[in-house]
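Read off the chains here:
2 protein chains.
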Amino acid sequence: MSSTLDSLIAALPEGTVVTDPDIVASYRQDRAADPHAGTALAVVRPTRTEEVQAVLRWATGHQIAVIPRGAGTGLSGGATALDGAIVLSTERMRDITVDTATRTAVAQPGLLNAEVKKAVAAHGLWYPPDPSSFEICSIGGNIATNAGGLCCVKYGVTTDYVLGLQVVLADGTAVRLGGPRLKDVAGLSLTKLFVGSEGTLGVITEVTLKLLPAQHSPCTVVASFDSVEAAARAVVTITGKIRPSMLEFMDSVAINAVEDKLKMGLDRNAAAMMVAASDERGPAGGADAEFMAQVFTDNGATEVFSTSDPEEGEAFVAARRYAIPAVEAKGSLLLEDVGVPLPALADLVSGIAKIAAQREVLISVIAHAGDGNTHPLIVFDPADTDMAQRAELAFGEIMDLAVALGGTITGEHGVGRLKRPWLAGQIGPEAMELNRRIKDALDPAGILNPGAGI
Amino acid sequence: MSSTLDSLIAALPEGTVVTDPDIVASYRQDRAADPHAGTALAVVRPTRTEEVQAVLRWATGHQIAVIPRGAGTGLSGGATALDGAIVLSTERMRDITVDTATRTAVAQPGLLNAEVKKAVAAHGLWYPPDPSSFEICSIGGNIATNAGGLCCVKYGVTTDYVLGLQVVLADGTAVRLGGPRLKDVAGLSLTKLFVGSEGTLGVITEVTLKLLPAQHSPCTVVASFDSVEAAARAVVTITGKIRPSMLEFMDSVAINAVEDKLKMGLDRNAAAMMVAASDERGPAGGADAEFMAQVFTDNGATEVFSTSDPEEGEAFVAARRYAIPAVEAKGSLLLEDVGVPLPALADLVSGIAKIAAQREVLISVIAHAGDGNTHPLIVFDPADTDMAQRAELAFGEIMDLAVALGGTITGEHGVGRLKRPWLAGQIGPEAMELNRRIKDALDPAGILNPGAGI
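As they're listed, the protein sequences go chains V and U. Residue numbers for the first sequence follow our numbering, beginning at 1 and rising by one. Residue numbers for the second sequence follow our numbering, beginning at 1 and rising by one.
Since the hints were made in silico from the structure, they are not lab data. Bear in mind the structure is a predicted one, so any value in this text is a computation, not a measurement. Beta carbons are placed, not taken as given, at the ideal position from N, Cα and C, and that holds for glycine. Hints may contain errors.
As the list claims (entries may be wrong) - Just a few of them, taken from the derived set where beta-carbon distance is under 8 Å, the chain V residues facing chain U: (1) 184; (2) 308; (3) 310; (4) 405; (5) 407; (6) 410.
What the hints assert, rightly or not - List of simulated lysine-lysine pairs, DSS-like, C-alpha gap at most 30 Å: (7) U:241 x V:118; (8) V:354 x U:241; (9) V:241 x U:439; (10) U:117 x V:241; (11) V:210 x U:261; (12) V:439 x U:439; (13) V:241 x U:241; (14) U:118 x V:241; (15) U:118 x U:330; (16) V:439 x U:118; (17) U:241 x V:117; (18) V:210 x U:117.
Same shape as in the complex, but just chain V (with noise of 0.2 Å):
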């Protein structure tokens, strides 16, 4: 194998790929944290499309699986890597140029969310999707995973933003699609059939994104409920009438497991809290939020509380941010991702209520609830095989309940290598026939991220 290596390095630039065995395990899991993980051969770090096509090329004529890894931080496997593969880590592809008058900007695909949403913001333009990890994730994850966030409940997801990509196939092809142009429809809409894919059809090495004008100042509500239902009734009545910008829930475990850390006066006895704000601009935000504070009390809201003060409702909206990290300082986390349709959120929640004191797990449940997208957090502890078997058994049983909902088993995070076996459960045999289909007249030889999503 060292031989077949050796021709790779050569092809590349120095430094290009790394066989350095500790530097190698480092690229084992992504925070999916799958314990599953196989080690790659190699991790290569192109700086270029031309670098990533060589490496394509390399791995068509040998056969070798390619595990495309963003930052690292998918929360499902995505980039878990294999035995005998190779991590394909776009970490050093950092380039972004940014034209306001076309309100694009063409990054690489390593660039953070952050800094692209920094570099744009320099220009006094705004990149919306905003995933709770915006400072750590990678913009072409987002794009491989089509992640969403807090504000997608009024501005889209991610593939709402992507006019262009270049991609590079299995076979080394380099392929531009779509580009500037805000309305293109000349050939199929392949720009859209990559994002999202999961590394499974392409390594995505430069992307086209669309651009807003900077956003409004938002005015924000934070309301707590002594019953889920109650917050739940909320949010249909809101989405109904307006547009918010932002519609938040955190359970009681997730309040007071953030209460806990930044004491920063939350109701530890309530059983549900909202973060909503609005961002239309002058006296319409205003309108907005008290519209939706009127909403949360005549749903038996216990506390409402409304800002337009920017920094005091960003405390909040930090506050809902943190509840991950709050929550996996009482363990190790699995970390769910299910939607359902709004009417369903409820029975969701509660549903998801039942499964975690029949497997006698704690789980706590955080959700960007205007989109019906919730990230049950179940928390148990690795070293107790036992608990950590029933944590595995809930996890697929909230899928199951999602499913059953009428729902999906992934609103943002993707399939991965951990949700794969319930794929065929919510999309149908047809529909997984026509996923094989695809993947095999593009990625022929199945050598492109293996084992994960379709």
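On the provided structure of chain V, position chain U as indicated by the hints.
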């Protein structure tokens, strides 16, 4: 052949298969009026997915081409009949149900866009995409072409509102893709792949649409310019700062053609007219209108008129929508649909004027200027063979020009049969090959809309 057709007739409810020669002849062309249209064996008008499946199973069994057709308003010849093919018209598939709780509608493809808008408006909801032909085009055709419209500059195009589809594949398999979930990343983005596929991958039999709360009443600004460049400069300034809900352009030919018919007092001496709107709520809408009026003035507008009266505003929008029929009064039209990145808009329009002069044909340009999407209307007399030939040359040269300016041969109408020879020139051989691989994977026998789209 008649016995072949007999088996189709027998497989479907009475009246579904139409063989009356006059009726079949009326389905030869769509609005592109392709003179090379063939004549189908029969027109099939199913009402249910199961009937569409029966048609496609039969077509696959007999290797007969199927031309899917919505309302027949396509402008690129995507529904032109072929000799020996079957035209599959969705015109009798007209059900719709609206769900206010999920803010979605499930519709059959034959419903007109205006009927969808009306059905959801009855529930206080809004389906934004608004092709100029919205009163006569079908929602299925809108999805098959990823149709645009006037409000797309702020609200995006059809694909942004398609959450789910049921499609019937070439072999008759029915597949459900997506559904009433605002976020769902399970499996490849196949819903998006079918949007804009022009009937080449499958037949859409049901759509799940994302809806918004009702639109707010817009403030409208109308401005006249003595140069196209000045108007184009204003467009770039506006979209860099705010999000207008409409930003439309008409050239002097269109202005005069509309004024000939409507006599509403448009400035006949103007080189260009802009119709812009903002639907931001409360004072923000007026502030946007004021900003746009100022930008128009700063860029040398000869006349600027603002109104917050919805009826007065709608009169100007109607004038813009009326431009195509008004110019059509001057002769037959070859209707173009080219788009460019915004800064190239003025170069595109002036380049088109040069082509018109060189080919000695009248070309009027109207545009969804905020999207960089233009509709050059090439006027010709089909009885004048030499002029018809010059018009066809201009048609191709305009696409070549758009591509040279970094643009697209079609922004929202589709490639159809008319633009197919120019597709490879825009997207390049690698993307063509990728399109072809997907087409072959989904329709290996090539029976779905052969010769159209990809």
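Verification of the supplied hints:
no.: 1; hint: 184; in the structure: holds (4 Å)
no.: 2; hint: 308; in the structure: violated (15 Å)
no.: 3; hint: 310; in the structure: violated (18 Å)
no.: 4; hint: 405; in the structure: violated (10 Å)
no.: 5; hint: 407; in the structure: holds (6 Å)
no.: 6; hint: 410; in the structure: holds (5 Å)
no.: 7; hint: U:241 x V:118; in the structure: holds (18 Å)
no.: 8; hint: V:354 x U:241; in the structure: violated (50 Å)
no.: 9; hint: V:241 x U:439; in the structure: violated (41 Å)
no.: 10; hint: U:117 x V:241; in the structure: holds (17 Å)
no.: 11; hint: V:210 x U:261; in the structure: violated (39 Å)
no.: 12; hint: V:439 x U:439; in the structure: holds (13 Å)
no.: 13; hint: V:241 x U:241; in the structure: holds (27 Å)
no.: 14; hint: U:118 x V:241; in the structure: holds (18 Å)
no.: 15; hint: U:118 x U:330; in the structure: violated (33 Å)
no.: 16; hint: V:439 x U:118; in the structure: violated (40 Å)
no.: 17; hint: U:241 x V:117; in the structure: holds (17 Å)
no.: 18; hint: V:210 x U:117; in the structure: holds (27 Å)
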